[in-house]
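J.: These are the residues of each chain, in order.
Number of protein chains: 4
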Amino acid sequence: MKIPVAVLGATGSVGQRFVGLLAAHPWFEIRRLVASERSVGKPYAEAVDWMQSTPLPPSVAEIKLARATPEEADGCPLVFSSLDAGVAGAAESAFARAGAVVVSNAKSHRMSRNVPLLVPEVNADHLELAERQDHPGMILTNPNCSTIGLVLALKPLVDAFGVEAVSVVTMQALSGAGLPGVPGMRAVDNVVPFIAGEEEKIESESSKILGRFRRDRIEPADVSVSAHCNRVAVIDGHTQCVSVKMRRPARAEDVRKAWIEFTGEPQELGLPSAPVPPIHWLPEADAPQPRLHRNLGAGMAISVGRLRSCPLLDYRFVTLSHNTVRGAAGGALLVAELAVEKGCLTERSAGTRSRG
Amino acid sequence: MKIPVAVLGATGSVGQRFVGLLAAHPWFEIRRLVASERSVGKPYAEAVDWMQSTPLPPSVAEIKLARATPEEADGCPLVFSSLDAGVAGAAESAFARAGAVVVSNAKSHRMSRNVPLLVPEVNADHLELAERQDHPGMILTNPNCSTIGLVLALKPLVDAFGVEAVSVVTMQALSGAGLPGVPGMRAVDNVVPFIAGEEEKIESESSKILGRFRRDRIEPADVSVSAHCNRVAVIDGHTQCVSVKMRRPARAEDVRKAWIEFTGEPQELGLPSAPVPPIHWLPEADAPQPRLHRNLGAGMAISVGRLRSCPLLDYRFVTLSHNTVRGAAGGALLVAELAVEKGCLTERSAGTRSRG
Amino acid sequence: MKIPVAVLGATGSVGQRFVGLLAAHPWFEIRRLVASERSVGKPYAEAVDWMQSTPLPPSVAEIKLARATPEEADGCPLVFSSLDAGVAGAAESAFARAGAVVVSNAKSHRMSRNVPLLVPEVNADHLELAERQDHPGMILTNPNCSTIGLVLALKPLVDAFGVEAVSVVTMQALSGAGLPGVPGMRAVDNVVPFIAGEEEKIESESSKILGRFRRDRIEPADVSVSAHCNRVAVIDGHTQCVSVKMRRPARAEDVRKAWIEFTGEPQELGLPSAPVPPIHWLPEADAPQPRLHRNLGAGMAISVGRLRSCPLLDYRFVTLSHNTVRGAAGGALLVAELAVEKGCLTERSAGTRSRG
Amino acid sequence: MKIPVAVLGATGSVGQRFVGLLAAHPWFEIRRLVASERSVGKPYAEAVDWMQSTPLPPSVAEIKLARATPEEADGCPLVFSSLDAGVAGAAESAFARAGAVVVSNAKSHRMSRNVPLLVPEVNADHLELAERQDHPGMILTNPNCSTIGLVLALKPLVDAFGVEAVSVVTMQALSGAGLPGVPGMRAVDNVVPFIAGEEEKIESESSKILGRFRRDRIEPADVSVSAHCNRVAVIDGHTQCVSVKMRRPARAEDVRKAWIEFTGEPQELGLPSAPVPPIHWLPEADAPQPRLHRNLGAGMAISVGRLRSCPLLDYRFVTLSHNTVRGAAGGALLVAELAVEKGCLTERSAGTRSRG
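Residue numbers (my numbering), protein chains in the order written: chain A, 1 to 356; chain B, 357 to 712; chain C, 713 to 1068; chain D, 1069 to 1424.
If you are wondering where the hints come from, they were derived from the structure by calculation, not from laboratory data.
Remember, predicted model here, so these are calculated numbers, not experimental data.
Among the hints, a few may not be true.
The list that follows gives simulated cross-link-like pairs (lysine to aspartate or glutamate, EDC-like), each with its CA atoms no further than 20 Å apart [what the hints assert, rightly or not]: (1) C:957 to D:1382; (2) D:1313 to C:1026; (3) A:201 to B:642; (4) A:245 to B:520; (5) A:42 to D:1097; (6) A:257 to A:268; (7) A:245 to A:341; (8) A:257 to A:284; (9) C:754 to C:774; (10) D:1313 to C:876; (11) A:201 to A:216; (12) A:342 to A:216; (13) C:957 to C:928; (14) B:601 to A:164; (15) B:601 to A:314; (16) C:754 to B:640; (17) B:420 to B:385; (18) B:420 to C:996; (19) C:957 to D:1232; (20) B:398 to C:996; (21) D:1110 to A:268; (22) D:1325 to D:1284.
These stretches of chain D come out as covered by chain A in the derived footprint (C-beta under 8 Å, 3 or more residues) [as the list claims (entries may be wrong)]: (23) 1115-1122; (24) 1362-1376.
Distance windows between CB atoms, simulated [unchecked claim]: (25) A:87 to C:799: 42 to 48 Å; (26) A:87 to B:632: 47 to 53 Å; (27) D:1111 to A:216: 52 to 58 Å.
Where a beta carbon is used, it is the ideal one built from N, C-alpha and C, also for glycine.
Pulled out of the complex, with its shape left as it was, chain A reads as follows:
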């Protein structure tokens, strides 16, 4: 028997990805789709402006959209949230008070003291922090889309050599801005060198994710991060130019080896959404490129390439990740799978069913 789940914000860009990925998920089954007031009661297929390149899954087309109240999610021990930041905080808390494990893609709770900010290959141990939350359910958060790709590329270097400073410039896809997002007239023949709040998120979230869980809190990593964020005319896939300063000497071949050999707890646990390998090292001179490499590992793996020394810091490279799969809905699914595997649903949620 599959675990029934609810999706909050199901008609948005990330919500659509949740629906697409959940329709084929081996453990989870969509029971509730929640949207804003004006869509309540409409069948999903009618209310949504479907923008995915795969067809809307027939199994969800007829599901009637529900309100964002815990009562409506009755029977769903697991809730995925892609609500707008403006409403996410309160709504997610309400679901957690009602006993649900909420995996959120919104920024509202990310930096809260007792809320883990999870990239399962990087900091699966932070999950334990959620035990300290004071409601029957649990709020788990997924980082910002750019941060996820960045910390995945950094983690093997942190483990092998230590990382002291990071300079990153992003070229982010349009899908990251949701719907309607960036107007076509801003996207075509243009670059928008600003994404509100994005640089701050990358800088603060990276330290928390790479930080250490000590007794009762996360001690942020001692790493300086400087980010420039840009929007470019790409549908999916965030490309990042990164320079890093290591704490210990590193040879280029060892850096590559660290990426190639990297694996994480999701891979060891064999979680269904865990990509193998999580990081693809690409030797071509001009890789990675979003159109060619964003779908590696079904969009859950990141890619890295162009490793070379840096005149200012130690090394430079390019990394790419699929922003609405690994960087949003797919990343949140992996968090949920980790939580299920670690027993969070059985421990804390009412009405949970164990997975077959």
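Dock chains B, C and D against the given chain A, drawing on the hints supplied.
T.: Below, chains B, C and D without anything else, positioned relative to chain A:
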């Protein structure tokens, strides 16, 4: 009477810009258009695959394409070159030996000891270096398109505070790759995080341009530059995310003031292609953007925006320049105007006419 | 002395074009800029999300936005409207009742019995229809952006051979959808084969414009028009593939000649916005193209190319027009210039000043 | 045991699609990859400039590229060709003389008297024509990419109502132009209203495909086709605006029904690449769109939408097909599957193995 000029490589992307700009130039007049062997003898309008958004100037449509030999440029004391690097070196030298002042957009001679690499607002005094060349004519070079925008943005900071280190990530336009350049399938829904040789050019050329002319040579500036170069789906306009470390403390308002008040020798001399002001400070949160700001100062001015402090170096900002106007043909015209104004043609060239 | 004018809907996409073109106009001078309630009182530069590739004209930056009431336009005998269809009808009528000559780009009054729908090169004589309007002012309308380009290309053929049937497929630019318009995610790597109401507008407006003014009304032209409309990833410039059936035999060389020799009343009157020639015949195999040819005649001329026989009708060709210049703001300016030249302002408006 | 196959022109755009699709094919197995002289001997992964959004299949990465001679394809009874038209004719004939069944995507043999031009859902019976070829092997051809989508959309209408005339305007994807294809500077912010030879192909091929096989030849269908072809900034997926004149009256609901209920011989035979259904009717007002619908049926199904009456002919609609899957490599695979199922390999080829 206008000065008759020749354009080498007239059918290419930059060559077309030369033709467009020269057709309306107050001092210069196109007499010769030079192209590769297979186009020799054809009228320009027939041989060129015109890609500019302004019509092909009727005054040049019927000019028959000539060979790249100094004899063919007889009577043109001034020669603009946008030849491919493979043939530019030898051809430009031949014209210089024949007495012409050659202003080149190719990389072949840029780093040569006695060849000045000129951005007239930045290092007009380097022109004197050309006196040391051992042929009757003179070779003057225009930097790489990305370098020009970068050093123009840096120059006021170098003057006011000193600059010790620069980290730059470029998002470069398709027109910079010439014709046919980047295939459409690589351009749409994509970023190509590699441009052959470009990072090396930015790093080495910047030091030469910002260097000091001492007696008989250029002493490179003591500045570390790290560049990442990307190609994005933009027609014209290179956007650059820059972080800088200053040598002396700088308040943000003084940095802005340095840009706003900046002016150079071309502006003081009133050269026809000199933009006033050369640098536009843009206060909007999301400026500059290539489609909106590349044409400031008729494409000869650069723009800067988004000044903010940097967690790693001192300041971060975004700068934008038109790569085929300021960064190529227009920049070369400004170099030529400076050379004319400084008497280079009368001193060294045979057959020069003074401008009215 | 210039004629003071007001612009209704000044912050929108077409409104911005009005502002840009009026800032350099020899007869007209912007006195009032009118926008929606939430912008009233703000300086234009602050309220507008400027999307043009030329800078916001300094002369209008500080103009405070006013309400859309005739009182606010006091002293402006000429009013340009780019209001949304939802509010344009009532607002424009109010200005006309107050005595102004309103030149509107909205669809509200286009098909009204006594309102001329004007393309000055095509049907300048329809202007007289406005004499029959029952208010002190006058409402003149500019057709839909696609229609303008189409009827300009058809007019010489109508005059020379008669046109019985037209099949047209448009590929329209993003700027035609205004702001925010088509989301970037719909624009990149995509075609949207639908534009609400557009096909109906082309079909009905063409008949009215090409119709005959008989005593007291327009007798629609007897021409069948079938339109398919598509949105493509182009910033400016509507491309149209057209097949036509003539009433009389036509040789290809005569069709080309009809276009090349075509001229209209605006050209004869020497109106400031009249392009000379109004139609550019382009002989290249792959012309016209929006990026290369949309700016012919400063965006006021159309271009035609690829004339060839049609297996179904008689001839096929491609035509291109700049949708926000000729197809909107520039077209409306030309209408206003015609109205001024024909004495409409002196006859009917209160407070009109004659132009110098 | 799988049937060993060779791919001619394996490094090109369509060749890459062949490789991608064959790598996962249940009946066929790549044994030979053939490319131009300068690549011979190199491993495929090294010689190819892989442009697909799925990774290069590891099973072919190490295959060394061979020459285009029948000897090199020894042991491959089935050969797929995506050679350039310039060399395809002779090379394919040579393979057929050597006994191979050649399924070609090139235009060279398409209109030859004894060569069937196959869209298996439309004219599977034409396969018999190949029996009349005078060599031990067989040449089968796949139509031009635009033609395939068009005739698939027309076939149900031809069967139900007869089709007398077709007016079609295409908006074709960049991938159809191969590599390097359309320069990025021609693709971005532009439409190119011309594709060499394309209109002629659509017009002539449609008649042959929809024609009748009579005794010893194809009698072309009596249908007038007028085509305008355009290149737009889309990666994959050709969109076509179609108007049709029927021979017998048709109600809109019956037209839709004809599409919805359509099925063909590949579906009846259960061929592995046959999409079910072959045609998707999309009821949305703005469908189909290339980015959203090109992958229906794994890229092998076409979609139709926007059915409405036409003021000139009878009906208008929009159709979309994936140009490098259904319109090229995938279409050719379906042809090959039909040929295998019909016994062509066992009958005519030397060295053929029956499929398990």
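J.: Give a verdict on every hint.
T.: So, going through the hints one by one against the coordinates:
1. Proposed proximity of residue 957 of chain C and residue 1382 of chain D is supported: the alpha carbons are some 17 Å apart, at most 20 Å.
2. Proposed proximity of residue 1313 of chain D and residue 1026 of chain C is supported: the alpha carbons are some 17 Å apart, at most 20 Å.
3. At most 20 Å may separate the alpha-carbon atoms for a hinted pair to count; residue 201 of chain A and residue 642 of chain B meet this at roughly 17 Å.
4. Using a Cα cut-off of 20 Å, the hinted pair residue 245 of chain A and residue 520 of chain B holds, with the two alpha carbons roughly 18 Å apart.
5. Straight-line distance between C-alpha atoms of residue 42 of chain A and residue 1097 of chain D comes to about 48 Å, which puts the hinted pair past the 20 Å bound.
6. Distance hint between residue 257 of chain A and residue 268 of chain A is fulfilled; the C-alpha atoms sit about 19 Å from each other, no more than 20 Å.
7. Between residue 245 of chain A and residue 341 of chain A the alpha-carbon distance is near 36 Å, which puts this suggested pair outside the 20 Å criterion.
8. Simply put, residue 257 of chain A and residue 284 of chain A have alpha-carbon atoms about 16 Å apart, close enough for the 20 Å limit, and the pair holds.
9. Distance check on the hinted pair: residue 754 of chain C and residue 774 of chain C sit about 9 Å apart at the alpha-carbon level, within 20 Å; holds.
10. For the suggested pair residue 1313 of chain D and residue 876 of chain C, the alpha carbons sit about 17 Å apart, so the restraint of at most 20 Å is met.
11. At most 20 Å may separate the alpha-carbon atoms for a hinted pair to count; residue 201 of chain A and residue 216 of chain A exceed this at roughly 23 Å.
12. Using a Cα cut-off of 20 Å, the hinted pair residue 342 of chain A and residue 216 of chain A holds, with the two alpha carbons roughly 19 Å apart.
13. Between the alpha carbons of residue 957 of chain C and residue 928 of chain C the distance comes to roughly 30 Å, so the proposed pair goes past 20 Å and is violated.
14. Our distance criterion of 20 Å between C-alpha atoms is met by residue 601 of chain B and residue 164 of chain A, whose separation comes to about 18 Å.
15. Taking the CA atoms of residue 601 of chain B and residue 314 of chain A, the gap is near 17 Å; set against the 20 Å cutoff, the hint holds.
16. Using a Cα cut-off of 20 Å, the hinted pair residue 754 of chain C and residue 640 of chain B holds, with the two alpha carbons roughly 16 Å apart.
17. Straight-line distance between C-alpha atoms of residue 420 of chain B and residue 385 of chain B comes to about 15 Å, which keeps the hinted pair within the 20 Å bound.
18. Annotation: proposed proximity of residue 420 of chain B to residue 996 of chain C holds, straight-line Cα distance about 19 Å (limit 20 Å).
19. Note on residue 957 of chain C and residue 1232 of chain D: the hinted pairing holds, with a Cα-Cα distance of about 17 Å set against a maximum of 20 Å.
20. For the suggested pair residue 398 of chain B and residue 996 of chain C, the alpha carbons sit about 16 Å apart, so the restraint of at most 20 Å is met.
21. For a cut-off of 20 Å, the pair hint linking residue 1110 of chain D to residue 268 of chain A is broken: about 37 Å separates their Cα positions.
22. Only pairs whose Cα atoms come within 20 Å are accepted, and residue 1325 of chain D paired with residue 1284 of chain D is rejected, the gap being roughly 34 Å.
23. Check on the segment 1115-1122 of chain D: 5 of its residues sit with their Cβ under 8 Å from a Cβ of chain A, so the three-residue criterion for coverage holds.
24. Counting residues of the segment 1362-1376 of chain D whose CB lies closer than 8 Å to any CB of chain A gives 3, which reaches the minimum of 3, so the coverage claim holds.
25. For the pair residue 87 of chain A and residue 799 of chain C, the supplied restraint of 42 to 48 Å is violated, since their beta-carbon distance comes to about 31 Å.
26. In this structure, residue 87 of chain A and residue 632 of chain B meet the distance hint of 47 to 53 Å, their C-beta atoms being roughly 50 Å apart.
27. At about 56 Å, the beta-carbon gap between residue 1111 of chain D and residue 216 of chain A stays in the expected band of 52 to 58 Å.
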